[in-house]
Every structure is written in structure tokens, then in C-alpha cells.
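Protein chains in written order, with our numbering: chain Z, 2 to 434; chain R, 2 to 434.
I should point out that these hints are in silico values taken from the structure, not numbers from a laboratory. Please note: incorrect hints may appear among the correct ones.
As the list claims (entries may be wrong) - Here are the simulated DSS-like pairs of lysine-lysine, each with C-alpha atoms no more than 27 Å apart in a straight line:
#, chain 1, residue 1, chain 2, residue 2
1, Z, Lys156, R, Lys368
2, R, Lys4, R, Lys127
3, R, Lys4, R, Lys91
4, Z, Lys156, R, Lys87
5, Z, Lys96, Z, Lys4
6, Z, Lys428, R, Lys189
7, Z, Lys47, Z, Lys329
8, Z, Lys359, Z, Lys87
9, R, Lys368, Z, Lys177
10, Z, Lys286, Z, Lys249
11, Z, Lys249, Z, Lys359
12, Z, Lys17, R, Lys4
13, Z, Lys87, R, Lys17
14, R, Lys87, Z, Lys177
15, R, Lys156, Z, Lys368
16, Z, Lys249, R, Lys249
17, R, Lys428, Z, Lys189
18, R, Lys156, Z, Lys4
19, R, Lys177, Z, Lys91
20, Z, Lys127, R, Lys87
21, Z, Lys87, R, Lys97
22, R, Lys177, Z, Lys368
Since this is a predicted model, take the numbers as computed values, not measurements.
2 protein chains.
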Amino acid sequence: MEKNQINLPIDELPTKWYNIIPDLPEPLPPPKEPETGPSRMEFLGKTMVHECLKQEMSNERWIPIPEEIRELYIQAGRPRPLYRAKRLEKYLRLKKVRLYYKREDLSPTGSHKVNTALAQAHYAAKEGKTTLVTETGAGQWGSALSYAAALMGIKCVIFWVRSVYNWKTDRRTLMKLMGAEVYASPSKETNIGKTLLAKDLNHQGSLGIAISEGLEYAETREGSVYCLGSVLNHVLIHQSIIGLEAIKQFEIADDSPDLIIGCLGGGSNFGGIALPFAGEVLQKKRQCEFLAAQSEAAPNLVKGEYRYDFGDVAEHTPLLKMYTLGHKTEMVPIKADGLRYHAAAPLISVLRHHNIVKAVAYPADEKAIFEAARIFLQTEGWLAAPESSYAIRAGIDEALKAEKAGEEKVICMNISGHGFLDLQAYKEKLSIG
Amino acid sequence: MEKNQINLPIDELPTKWYNIIPDLPEPLPPPKEPETGPSRMEFLGKTMVHECLKQEMSNERWIPIPEEIRELYIQAGRPRPLYRAKRLEKYLRLKKVRLYYKREDLSPTGSHKVNTALAQAHYAAKEGKTTLVTETGAGQWGSALSYAAALMGIKCVIFWVRSVYNWKTDRRTLMKLMGAEVYASPSKETNIGKTLLAKDLNHQGSLGIAISEGLEYAETREGSVYCLGSVLNHVLIHQSIIGLEAIKQFEIADDSPDLIIGCLGGGSNFGGIALPFAGEVLQKKRQCEFLAAQSEAAPNLVKGEYRYDFGDVAEHTPLLKMYTLGHKTEMVPIKADGLRYHAAAPLISVLRHHNIVKAVAYPADEKAIFEAARIFLQTEGWLAAPESSYAIRAGIDEALKAEKAGEEKVICMNISGHGFLDLQAYKEKLSIG
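This is chain Z alone, in the form it adopts within the complex (with noise of 0.2 Å):
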């Protein structure tokens, strides 16, 4: 009997997390202060979660997982499995090529974000912190950031965009149900709120201004805590419970990736399935090839320079190196929202400079990803996000490459998250009537 579900035995949870840092081909390049204005270091260290800032920093290459944080992954349904592709295999006709999942859209909120959004509420009510506060774009960072906090029994505070905010009905609703506060922003919750409502008090606001807000918040509020969902170090190394999980699922399989593939906007999904990995091939233990799937309205890794730049539109965060568009750089809308960044995560654009982390860019039609995840849907039944799609895209047409090349290869693809709330798009993107 075919078996395609790879389940690890819940005492099999890894116990520690993957950090990069002591594995990589160089030094990362360290943050560095902006010429002008105050100190972003100083300011972050203010408002971030302290065992963040730690783990931002560290140079170990395990990270012990608390056990509280164990307990709250496995009430979120870890360990995920790992799945063979086998249908999707059949219809692509592939003999030479194995296609492999990791089903990251079984999670709570519908994504991964909530593997750092546990570990940061973990962290900040032990700290003891009373508020989470972020700002969101898409939703599904302020979705698992508010469950996060619900689950802790601690406040969660959310700026998110007025012009996503009116629209996203669902996802609203979803945030609110956990508990959270979700402010329009501008909002009058802060000063540079307040300000902008003063002059427009329909303001459409801006990533930047939902930024700008949260960091208020957190600074002048007691208890209150900034969480990130993406980007930096700590965020990687929370996601790295992606990744090891499936090396062991792998070996349960008896069978190993030739190439792992994710989507990435900023690289916490792509980083969290590919580091560990990584780090067996940077200390010679494996051979694998990692490719990032991302839209031409962010390609970051495909079109941007290698160079210190901004982490937020409104530059609140320090300079980091990473390949960046430059963040003030406009992008098109797309319909996986996640997808919208400006630049990758240092860790991430480290391993693009040294060409161990390729990556490729779709149009930004998305025409060609929905058909990828209509695929995927009627042969696998799996509904995924629009970001994950990139992912399944990317699958698909690398193992038809490879099929072509009579190559054997076996190719893992992590799935994100799920597209129950992204219904509308696959609707209008596929013309389903």
C-alpha cells in the first residue's frame, strides 16, 4: 500500500533549534546604525522581547527549544507531515523525479508564522510582558501573532493597514475572535496616528505608518513588547522546527532532497524548510540545492543588489545586509501579499552571495501559480495559499526540467500555508464563474 503521509512521532519533536550563524561560508554582516538619526540598535533593544534580541545575536548553532514552547507546537499540530507527491507525480508523468511536501498549512492560523509567534509570546510573557503589539500587511503574521497571544493569555495589539483592514473581512474577524485589538491604521492609538487623522481622517495609511505605530505603542505603553514576523535572525531560527523535522522525516522515508524548495518574500518560510539543510551542506554532511520562488513584483534575490539597506519603508529598523530592491521601492500589488518585500533576510542573502540559495521570479500575473495550485488541488487535494503556490509553481517545473534532463533528482517543496481565506483570488485569478 502506498503510504504518502511521512508522519515523526510526536516524541520526535526536535528539542532544539537550527542556527546558521556558526555554519556559514563568512561572518554574517553585522547590523549597522544609519548615519543619521537616533540609535535603531538602542531603540530596538528598548521595545523587542530580550531572548529575541539574544537569539538575534547568538553564535550557537543549537538553540534549546523550552519545553513550554514544545508543548505549545505540538497543541498547534506538530510535528507536520512530510508527504510524497505521488498523485502529483502520476500526473506529471515523472519517473526519474520524486516530488515531496511539508504541510506547514495544517497550522492553526494557516500558516507558518505561528512557529515564531509562539515562541516570541512564550518569551515575552515569561519576560513578564502583558502586550504584544505588530503591525501586518497580508494578515497572516497579525492572525498567528493574536493566537499566539490568546493561547499565552496575554494581550495582542495589531496596526494593520486601513486599506487592507476594510477589506479583509475574514482575517479581521479571525484576529478578533483570538482576542486581539486590531486598529485601522492611522489610529488614534498613537501620536503619529492622531497626527495623520488630524489631517485626513479617512488616511489610507501605509506599512510604513502601521510600522511607525506599533513602535509607539510598544515604547510608551507598560508591558508592551514589538514582535517581528519575519526577517531577522531569531525569526529564522523559530522556523528552523520546519526544516528539521523534515531531515528526520527524510530518513524515516529512506530517501534525501536534491533540491528544497520555498516561496520568499522576506524568508522566514523558505529560511525555516531550508536551513537545516544547509547547514549539513556547509558542513559537508549532505548534498542539496535550495531554490527561492518569488514574484517579478519582489525579486529581491533575483534583481536586487547585495547591500546595506533598511528593513522597514519608514526606517525604524538598523541597516542590515541583504539583497534589496531598496525599501522605498514600490511594488505592484499580487495576490500573494506575503510575497511584497523589498529585500531577503541577511541570513538568507548571505547564502544567495555565495550562490548556495538560487532563486527565480514569476510574473506578476500569477497566472501560471493559481494553475500550479488548481494542479496541485485536484491531484494532491491540498488547498494552499497563493504564496505557497510559488512553491508547488517552482516544484512542478523543476521536476518536469529534470524529467526532460533524465535526471534522477528528488525535489521537497514546503507549503506555507492554506487558501481557505484566499478563495476570492483563486476565483478571480482562474475565472472560475
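Fit chain R to the supplied structure of chain Z, relying on the hints for placement.
Frame of chain Z; chain R shown alone:
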């Protein structure tokens, strides 16, 4: 460490479904022909999958699950976890009561309906059929059958009451994405539909009309069979996979339920979790009680009469002995649309008649239901379907009752589906801004 998730290894996926008929306290009253009109049995014999019809009449206690269906179950994510609701227990301050829940919400289309959809699709394909036909009300059954047909590579045709078809755009998109042909009923695909449309081009339809259209389609198009998603014996047999897994999972947890709770409209998820346990009760192998959670909009087990009635408003089915409110009864709309059915499955009804199954009905305003769902979300972290939230409400109520009485009690709730496509209902019922 608390491990609230109890997994069954894939190798332990049951190999047989359970049929309670040989263990019933009296022979199941057989279906009967009505006094007027054509033979319903003959008609069903012609339009249904033969293997399903055979199972419908079977007196065998154990029915082997074909390897191909077990493969499909594994593809669909089975076995599904059982959870100990430690966080909910803590919130409710339970000391003597232990709460568990079974996770059918992890299904690819969002409900337990796939358990029978996959079986029916497999048998239909094996019998050389090329098209599955059905009607759908709330949309869960239509989604599940679309999914199963896609995985078997056969066609699926769905007649959907126009008034619902028009506004449930996300469910409609999901079915069409799976490749199903979905028609607003009345449609131009059938004579009955054409006749009705000739009178009123904008006819809003009804479930009775949709069933009539489906049956006409199945009868007149070659290679077509009609599939049913609830009430009938073979459907409950397929759903027994839920309870059979749960029995093994309770063994792993070294615990045993005193009370099993499921929501009940027609009875397929309730029967799925309850009947394997009820069989052991009838065989004097265990002690356990069973509670069906209903809506006052359709309190068939609470206020219905135990008598022969049609299974559908259009009188296409044979007469079945059921607790019924009358097949022409009008029911007020509720958000848990899947619970709006006039009668309970014959297998559940006979157990109700012998007082083995008990029932409770909650007010049709559903305030208490959605409040329970919110508590569940904020403690356990999972978004339940409105229907499943009736089981959660009853679980909370029974737990508090037992705790107050100082009773030690183990309660298991079945979470029949997720609520990602029901966030509008949450928003409305809980007045979320």
C-alpha cells in the same frame, strides 16, 4: 511535558469499518415502499453505487476497507489526532472532568464528509461509473464529493439550491476549483429544472428540487450515479473510521470516555464517532453514554416522533423509520446549516428509541454556540465549524454539570469541521466589528 495531541501511527489505521446492525438491541426496522407512486427501492437501486447499496443492507459487523480507500484516507490526512483539551479544562477550572476532542476539522475540504465521499467515489469508479451526482445544501457535502471525484479522476455534478449558490461564493469556488460542474438549481440540465425555469427564470430553488434534478440527471446520463452524504447506513459505516481511530487513541492515552458528544443533523458525524463505542456498549465491553447536540431549529431527536417518513422533501426515498419532525416541516435558518434536517438516521434513531443515545437542543439564535466556539478558539486554538460548535457547547455544559456534582467524568467531543469558510457567521453572531 504535556502532550495534548494523541496520534495514531499510520500503520494502525483501521482495516475494517464497523457496522452496528448485528449489535443493535432490536433488528433495524427495514425501509418500506410508500403506498403510492413508483417503487423507491427500485429507483435507488438503479441510481446508487451498487457496493454502497450492498453495504446498506449488510448484516456483517466488520466490512473490510479496500486498500485503495485506506490509501485515500492516508492521503486525506488520516489517522486524525485526538486531543486532550487541557487548556479548555483549565479555563473551565475542571478538577474531576477530563475533556477530549477528535479532529475531523483537519480534513482537506473542512469536514468529516470526505470519509464517505472517498469510499463512494472509489466504488463508483470501480463499477465503471464516470460521473458522481449529488445535491448540496450548506455546501460541505458538495465540496467533499468534488474532492473525492477529483482524486479518482472522474466527473462530479452538483445541484445547489440557487438561493445558497448565489451567496456562498467561496464554497462554490472551492468545488469548481476541484473540477466539479456546479449548477444553480433549478437548472437547464434537467427536464424538471427547465420546466421550473420556464415559469420563473430566477427561481430560487429548494433542496427538494435539487435532489429531484440530481436523481433525474443520474438516471438519464450514462455512467452517472447518485451519491448521498448522510442518514443512510452505508454512510454511517464509512464514517465509523472516526470512532474506530478514537477507540485506539483512548487506549494509547490509557483513558476511556464516559460520554461521547457530537452535533447531529442527519447523523453522519455523530454516528461516525459514536457507533463504534456504542457497539462495545451493546456487547457489554464498555460503559459509555452518547449525547447528540442539536438546534431547536431541527430538534429531530428531541421533539420528533419515531415513525416511518421520507428522507427528503420531494419523497424520492423509501420510507425510513426515524425520529422525524415530518419531511415537509419548514425550519428557521441557522448558521449551522448542516444541522437543519428533519430526521435522524435510522441507526441513530433506533439507539435513541432504546435510550442509548440522548439528545439536547440549543436555541436557534445560536449565541451560546458561537460563544462556546470562541472559548474553544481562545483556549485550544482551533477554529471550529458552526455545526461542530454545538458539540463544544454541549461538552462544556456537561463538563461543568459533572464537575459541580463532584463526578469524575471523561468526555469526548467530535470536531466535525473547521470554520475558515464561516467567518462571516462568526462576525455576525458575535457582533465583531
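Okay, the hints, checked on the actual structure:
1. Z:Lys156 x R:Lys368: holds, 24 Å
2. R:Lys4 x R:Lys127: Violated, at about 41 Å.
3. R:Lys4 x R:Lys91: holds, 15 Å
4. Z:Lys156 x R:Lys87: holds, 21 Å
5. Z:Lys96 x Z:Lys4: Since the Cα atoms of Lys96 (chain Z) and Lys4 (chain Z) sit roughly 18 Å apart, the hinted pair holds (cutoff 27 Å).
6. Z:Lys428 x R:Lys189: holds, 23 Å
7. Z:Lys47 x Z:Lys329: Holds, at about 26 Å.
8. Z:Lys359 x Z:Lys87: Roughly 26 Å separates the two Cα atoms, so the pair holds.
9. R:Lys368 x Z:Lys177: Holds, because 17 Å separates the two Cα atoms, which is no more than 27 Å.
10. Z:Lys286 x Z:Lys249: holds, 14 Å
11. Z:Lys249 x Z:Lys359: Holds - the C-alpha atoms of Lys359 (chain Z) and Lys249 (chain Z) are around 24 Å apart, at most 27 Å.
12. Z:Lys17 x R:Lys4: holds, 17 Å
13. Z:Lys87 x R:Lys17: holds, 25 Å
14. R:Lys87 x Z:Lys177: Roughly 23 Å between the alpha carbons, so the hint for Lys87 (chain R) and Lys177 (chain Z) holds.
15. R:Lys156 x Z:Lys368: Answer holds: Lys156 (chain R) to Lys368 (chain Z) is near 24 Å, not above 27 Å.
16. Z:Lys249 x R:Lys249: holds, 25 Å
17. R:Lys428 x Z:Lys189: Status holds; Cα separation ~23 Å.
18. R:Lys156 x Z:Lys4: holds, 25 Å
19. R:Lys177 x Z:Lys91: holds, 22 Å
20. Z:Lys127 x R:Lys87: With a Cα-Cα distance of about 20 Å, the restraint between Lys127 (chain Z) and Lys87 (chain R) holds, given a limit of 27 Å.
21. Z:Lys87 x R:Lys97: violated, 47 Å
22. R:Lys177 x Z:Lys368: Holds - the C-alpha atoms of Lys368 (chain Z) and Lys177 (chain R) are around 17 Å apart, at most 27 Å.
Against the hints set out earlier in the document, violations occur for numbers 2, 21.
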